[in-house]
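Chain by chain, the residues run as shown.
4 protein chains.
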Amino acid sequence: MTTAPATPSAGTKRERRKEARPGELLEAALDLFVEKGFAATRVDDVAARAGVSKGTLFLYFPSKEELFKAVVRQNIAGRFEEWSHELETFEGTTGELLRHCYLVWWERIGATKASGITKLMFSESQNFPEITVFYQQEVIRPGQDLVRRILRRGMERGEFRGVNLDYAVHVVMAPMIFLMLWKHSMGACMPDALELGPEKFIDAQVDNVLYGLCARPETGPFAPALSSPSLPSSPSAV
Amino acid sequence: MTTAPATPSAGTKRERRKEARPGELLEAALDLFVEKGFAATRVDDVAARAGVSKGTLFLYFPSKEELFKAVVRQNIAGRFEEWSHELETFEGTTGELLRHCYLVWWERIGATKASGITKLMFSESQNFPEITVFYQQEVIRPGQDLVRRILRRGMERGEFRGVNLDYAVHVVMAPMIFLMLWKHSMGACMPDALELGPEKFIDAQVDNVLYGLCARPETGPFAPALSSPSLPSSPSAV
Amino acid sequence: MTTAPATPSAGTKRERRKEARPGELLEAALDLFVEKGFAATRVDDVAARAGVSKGTLFLYFPSKEELFKAVVRQNIAGRFEEWSHELETFEGTTGELLRHCYLVWWERIGATKASGITKLMFSESQNFPEITVFYQQEVIRPGQDLVRRILRRGMERGEFRGVNLDYAVHVVMAPMIFLMLWKHSMGACMPDALELGPEKFIDAQVDNVLYGLCARPETGPFAPALSSPSLPSSPSAV
Amino acid sequence: MTTAPATPSAGTKRERRKEARPGELLEAALDLFVEKGFAATRVDDVAARAGVSKGTLFLYFPSKEELFKAVVRQNIAGRFEEWSHELETFEGTTGELLRHCYLVWWERIGATKASGITKLMFSESQNFPEITVFYQQEVIRPGQDLVRRILRRGMERGEFRGVNLDYAVHVVMAPMIFLMLWKHSMGACMPDALELGPEKFIDAQVDNVLYGLCARPETGPFAPALSSPSLPSSPSAV
DNA sequence: TATGAATGAGCATTCATTCAT
DNA sequence: CATGAATGAATGCTCATTCAT
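So the protein lines, in turn, are chains U, D, S and F.
Position one of the first sequence corresponds to residue 1 (UniProt numbering), numbered consecutively onward.
Position one of the second sequence corresponds to residue 1 (UniProt numbering), numbered consecutively onward.
Position one of the third sequence corresponds to residue 1 (UniProt numbering), numbered consecutively onward.
Position one of the fourth sequence corresponds to residue 1 (UniProt numbering), numbered consecutively onward.
Take the hints with a grain of salt, since some may be wrong.
In silico PhoX-like links for lysine-lysine, alpha-carbon gap of 20 Å or less [to be verified]: (1) 69(U) <-> 113(U); (2) 36(D) <-> 183(D); (3) 36(F) <-> 36(S); (4) 36(U) <-> 36(D).
Honestly, the hints are just simulated from the structure, not real lab data.
I would like the entire structure built from these sequences, with the hints used as guidance.
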């Protein structure tokens, strides 16, 4: 109090605590939201896990919903810019890029607690419209845009067929989302092949997805169902 | 219609009501469980929607959990026997069988309210262990067994490659489950390509899945990741 | 149905059932009231144990309270006349009469389910005033009158000291009532010396009671506290 | 009063309230439990009588059962240590000690609301096994142990006959328990001699009990029924 | 800044009684 | 006579949010 601290951001122990509070609360909230879901998580428990009182939590976050939004921002929404940059600087075929994205996505989201947030949103979006709107704007749309840019890159380079992007985005994301949801619901309750080795599952999915997307001389035995109805997939689409 | 009553079991008006009650309650419960989820559905609302008092509901179902189980039995679990029989009498290639299954599954489950039950289970299994156990025994296991039998049929006939069944089951089911979950969560809140035409999405997924499964002379540019690790499916996989 | 029954009271099997109904209901009610108490006994259970429907019970007894009153009348209140007569025809000393009364009381009430009714009344009288009034008029008062007559007999014959009847009645009844209440509450939950041999307890109590009542030349080391305050029983009590 | 606060522990008005709350709730709960019994007492009413909301009650006591246990601890169970000490320091004959105990017991328990708890336990033990176990461990057993020690003291000093302790304990306690139960059930509903002057009743009972217990040269006209069957207390008892 | 005591609406389940058949 | 379907008021317990200190 009497002597000025060298670094103004973190002086006394108490002040350092004060600055750390939001982070500790967010970490505790992430844990509990992932474990119990949004509605079933009690703010008392979040505060207790962060080592503060319930009142203090409401000092930093005006409501349970705002607390959740902050968790989403810190763990997912706030990282899209970095990912977007990584995507732009990637060199190599778009097939390689897509495979790379699957892998890093698994490392950074799928295998971490962040995946629990996706599960939570799928579970409770109906009952909390305000959160859902926020999540769509901050996560879903940026995420789909990222995938769209990959697909366009492939199509512009002639590596992918001309496909209806709205469908293709879901084809690309479906296996990853399924993996997260399974892991945080049924997979948590029953012994399962996915439990220990999701990499194999991802590998198979990437192969299948790439097969559906890649430009091929002949269509083979399978119908080109990904094709945009108004934009036939034939060479003219390239 | 003119001579004898169609339903001989119901004489008086009251008896007809009594026989209809369970069905009316189950329908109301299905609607609300699908709309709100298990925890957020109030039994008062179920009773009100069925046109009876809260007490009457407990006359037919001893608890909210048992009510839910009855809904699951009527809409999903009770129909596996029929599906199993259809599977056995199918004639044609296993690829055609799989495509057929995707279609009828979409007609009977995916496009109906029954799909909401799957979404509900993925959402709330963590918080209601007793229901989860019931669902795994009555739905998940029989469903996976059905898929396993299809895959075995393909492998025994030489139509499919030798694959690790535990993974392949998930590869087959993932797109359908994703479709249900999306439809009942994000899809219900935002405009989406899947909303109106999921058939196209299904088509694309069937193609991809069949590509991964079908026996081919050469493996092409993609690694055969579906192969069982202990039972390599082809020399080139080594 | 076609031939008239010889005894008009019990003809066809159905009619015999009809006449037996109240008795079967009363027996079932006694069992359950004793086991659970008044409030905790459900009329559904009474009807079910009697083999009839809930509606039928209300056909014979207009309410749960009336059902209970009927149980009391059949098992206790209706038997005072007989006991009163037995008391009048007894020959022997009043001490012997009192001991005799303790024994037959134990046989007919204390050791039977009827004792459970006393326990029930002590337990729930506060919450059911109407029943309590009934019980006081039909059971408590007649019972106390019986004891009073015994005590008066002893005093008139010079066998007992002059005592305040209002207190003496309680002194006589207290051990028996205690025995019933213990048996149906704590005794039912914990191993206890009273459980198997209440006769010994009764013996001891009779001795003590008689000691306090009997006329004695000298009062011994103990104050004659039973004496009526206005009518000192002996000079030493002054 | 004017200078320093009497209670140094409570600073602000709020803190004083907080410290007083449990006591206020316990007092309100004691009143209502005694008046209505355990099952018939609504927690809302307890809270209202203490001047707080229902939620506040559950802030201090996690359930109705725990609230009741706390009431028992405060009013009975927590005072055995003090009583035990009083017993050890008593000087005089064991007959005097017993009479003394009856009197102080009446002052501290019998004449206070605490006696209502005993009545409650006798009434509802069957329906609430968990509470019953607690009560037996915390009240019944310590109470019986106290009586046992008095009886042993009398036997060791040669003042009392050799008796079966298991029965004698009940003989000693029966009159007091009867008094409590009567007062809180029938006595509360009908005019009664015990209502205003239980001391006289107690006096009579003490005399009778002491008569049964005290060592006497000859057994008199009454059988020594208190004697332990396997351990005859004196040659004359054979 | 931090606390934590207080609130009160919300919810699954029970049960005596009624009455149409 | 007999049924049993229907009712609806009653109750213990939870939890996000507020606010006095």
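Against the structure, the hints:
no. : hint             : in the structure
1   : 69(U) <-> 113(U) : holds, 15 Å
2   : 36(D) <-> 183(D) : holds, 14 Å
3   : 36(F) <-> 36(S)  : holds, 17 Å
4   : 36(U) <-> 36(D)  : holds, 17 Å
Comparing the model with each earlier hint shows no violations; every hint is respected.
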